[in-house]
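Here the protein sequences come in this chain order: A and B. Each residue of the first sequence is one higher than the last, beginning at 0 in numbering that gives the first Met the number 0. Each residue of the second sequence is one higher than the last, beginning at 0 in numbering that gives the first Met the number 0.
Worth flagging that the hints you see were computed from the coordinates, not collected in a lab. Computed from a predicted structure; not experimentally measured. Keep in mind that the hints are not guaranteed to be accurate.
With a Cα cut of at most 20 angstroms, we get these calculated EDC-like pairs of lysine to aspartate or glutamate [claimed, not checked]:
1) Lys-142(A) - Glu-47(A)
2) Lys-142(A) - Glu-123(A)
3) Lys-157(A) - Asp-187(B)
4) Lys-157(A) - Asp-168(B)
5) Lys-157(A) - Asp-131(B)
6) Lys-142(B) - Glu-79(A)
7) Lys-169(B) - Glu-74(B)
8) Lys-169(B) - Asp-70(B)
9) Lys-142(B) - Asp-78(A)
10) Lys-144(B) - Asp-78(A)
11) Lys-66(B) - Glu-146(B)
12) Lys-149(B) - Glu-79(A)
13) Lys-157(A) - Asp-143(B)
14) Lys-142(A) - Asp-131(B)
15) Lys-80(B) - Asp-143(B)
16) Lys-169(B) - Asp-131(B)
17) Lys-138(B) - Asp-75(B)
18) Lys-149(B) - Asp-133(B)
19) Lys-138(B) - Glu-123(B)
20) Lys-157(A) - Glu-123(A)
21) Lys-149(B) - Glu-47(A)
22) Lys-77(A) - Asp-163(B)
23) Lys-142(B) - Glu-74(B)
24) Lys-169(B) - Glu-146(B)
25) Lys-157(A) - Asp-70(B)
26) Lys-149(B) - Glu-74(B)
27) Lys-144(B) - Glu-79(A)
28) Lys-157(A) - Asp-175(B)
29) Lys-144(B) - Glu-74(B)
30) Lys-202(B) - Asp-112(A)
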Amino acid sequence: MELNKAAWVAAALALGIGGLFAHGQIPAGDAASRQVLKTAAVEYLYPEQVTVAAGKASDVTLHFRVAEGLHINSHTPKDEFLIPTTFSIPDGVGVRLEQASYPAGEDFTLPADPTTRLSVYTREFTIQARIVASPGNHLLEGKLHYQACNSNACMPPKTIPVAIDVIGK
Amino acid sequence: MKRNTIVLGIVFFILAIFAWVGWANWEYRKQASERLLASSAHGQLVPGQAAEGSEGVPVFNSPLKGKLAPDFTLEDLSGNKVSLANYKGKAVLINFWATWCGPCKIETPWLVELRNQYASKGFEILGVSTDDLDRDNPKTLAKDKAEIAKSAQQLGINYPVLIDGATLDKPYGGPDGLDAMPTSFFVDRNGKVVAAELGLTSKDDIEGNIKKALGE
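Turn these sequences into a full structure, and let the hints guide you.
Structure (structure tokens):
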């Protein structure tokens, strides 16, 4: 009977230890590799779907997030060579961009050059898009063009899709 | 008694299977991790502090270090063809920059000073612009070139500025290309890459690598 108990205890231990193994360990290299994974500098958050009055101008607030530690130029950067953040909608998709309103950038200085002030977006920001949709469902793919940097280096300019299902009623 | 032996046998069998699964899982993850690290060894701009060195500089492990710098021929701002091979016997700093790159503007004055300081020892800088060029539209192309020239002039660049650096994306940046500016490669007199930097470092770091390229 005692041995019977011991067998069951051993079985429970085996399952427990096995569970730990099967859960998998993350080697140090894996954690390090995650750090060098390419991360999109800007991510479109929402809305995924909007319903607007067909043929009438409607305001839609688009939410974006800049990755931690990075910044992108605002729509009105302070240097002529810096690339502004812009939102656009391609022609002929049933939805027209009448106007895009951008937030003011926040002042930012690079630690190595405290005298130069940049106008940037960090963390979450929104763009107010005034759109006019024709009747029907439109799977819209807008475009956000930006150029991202951190304090030491800059990534090449990039355009990301802004996918929204626009329903014109 | 016999039943207990069977139970214990099964227990140890299960334990062995779990141990084997755990080991196999760990090995698989380890190999996947190594593959990922190897594929990203060309250096990338990574958000956050985790991937950065102690001074906030992105880690850059260029696979070109210790190898011959890939040769290239690019146009300068006057339309002259310039090849890396023209500089054989000299130490060369290949500096990838762009007009839209803020940190590049901080380091450029350092480069100008260092070029003045070490030119007599056989040192040259090639400033390779990675700005986009519209080759299909002559008018836009002329405007693109004028912008680069204007920026170079504003920065006081006194070394050759080469354009269309995007064509060197793969040879110098690996499979994913050059991900961030500024990126610099220090080439010794024998054409070998002795050091590489990604992102803004310091004038002292750059000077140290120039000396390395000069063999000092």
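To see whether the hints hold, each was checked on the structure:
1. Lys-142(A) - Glu-47(A): holds, 14 angstroms
2. Lys-142(A) - Glu-123(A): Holds. Lys-142(A) to Glu-123(A) sits at ~17 angstroms (cutoff 20 angstroms).
3. Lys-157(A) - Asp-187(B): violated, 34 angstroms
4. Lys-157(A) - Asp-168(B): holds, 16 angstroms
5. Lys-157(A) - Asp-131(B): holds, 12 angstroms
6. Lys-142(B) - Glu-79(A): holds, 14 angstroms
7. Lys-169(B) - Glu-74(B): holds, 18 angstroms
8. Lys-169(B) - Asp-70(B): Measuring from Cα to Cα gives roughly 12 angstroms; hence the hint holds.
9. Lys-142(B) - Asp-78(A): holds, 18 angstroms
10. Lys-144(B) - Asp-78(A): holds, 18 angstroms
11. Lys-66(B) - Glu-146(B): violated, 34 angstroms
12. Lys-149(B) - Glu-79(A): holds, 11 angstroms
13. Lys-157(A) - Asp-143(B): holds, 18 angstroms
14. Lys-142(A) - Asp-131(B): Since the Cα atoms of Lys-142(A) and Asp-131(B) sit roughly 19 angstroms apart, the hinted pair holds (cutoff 20 angstroms).
15. Lys-80(B) - Asp-143(B): holds, 18 angstroms
16. Lys-169(B) - Asp-131(B): Status holds; Cα separation ~16 angstroms.
17. Lys-138(B) - Asp-75(B): Within the cut-off at roughly 18 angstroms; holds.
18. Lys-149(B) - Asp-133(B): Within the cut-off at roughly 17 angstroms; holds.
19. Lys-138(B) - Glu-123(B): Given pair Lys-138(B), Glu-123(B) is violated - Cα atoms ~32 angstroms apart, limit 20 angstroms.
20. Lys-157(A) - Glu-123(A): holds, 18 angstroms
21. Lys-149(B) - Glu-47(A): violated, 42 angstroms
22. Lys-77(A) - Asp-163(B): violated, 26 angstroms
23. Lys-142(B) - Glu-74(B): The hint holds at about 16 angstroms.
24. Lys-169(B) - Glu-146(B): Measuring from Cα to Cα gives roughly 25 angstroms; hence the hint is violated.
25. Lys-157(A) - Asp-70(B): violated, 28 angstroms
26. Lys-149(B) - Glu-74(B): With Cα atoms ~16 angstroms apart, Lys-149(B) and Glu-74(B) stay inside 20 angstroms; holds.
27. Lys-144(B) - Glu-79(A): holds, 15 angstroms
28. Lys-157(A) - Asp-175(B): holds, 14 angstroms
29. Lys-144(B) - Glu-74(B): Given that 20 angstroms is the threshold and the Cα spacing comes to 11 angstroms, the pair holds.
30. Lys-202(B) - Asp-112(A): holds, 13 angstroms
Hint violations for this structure: numbers 3, 11, 19, 21, 22, 24, 25, all remaining hints satisfied.
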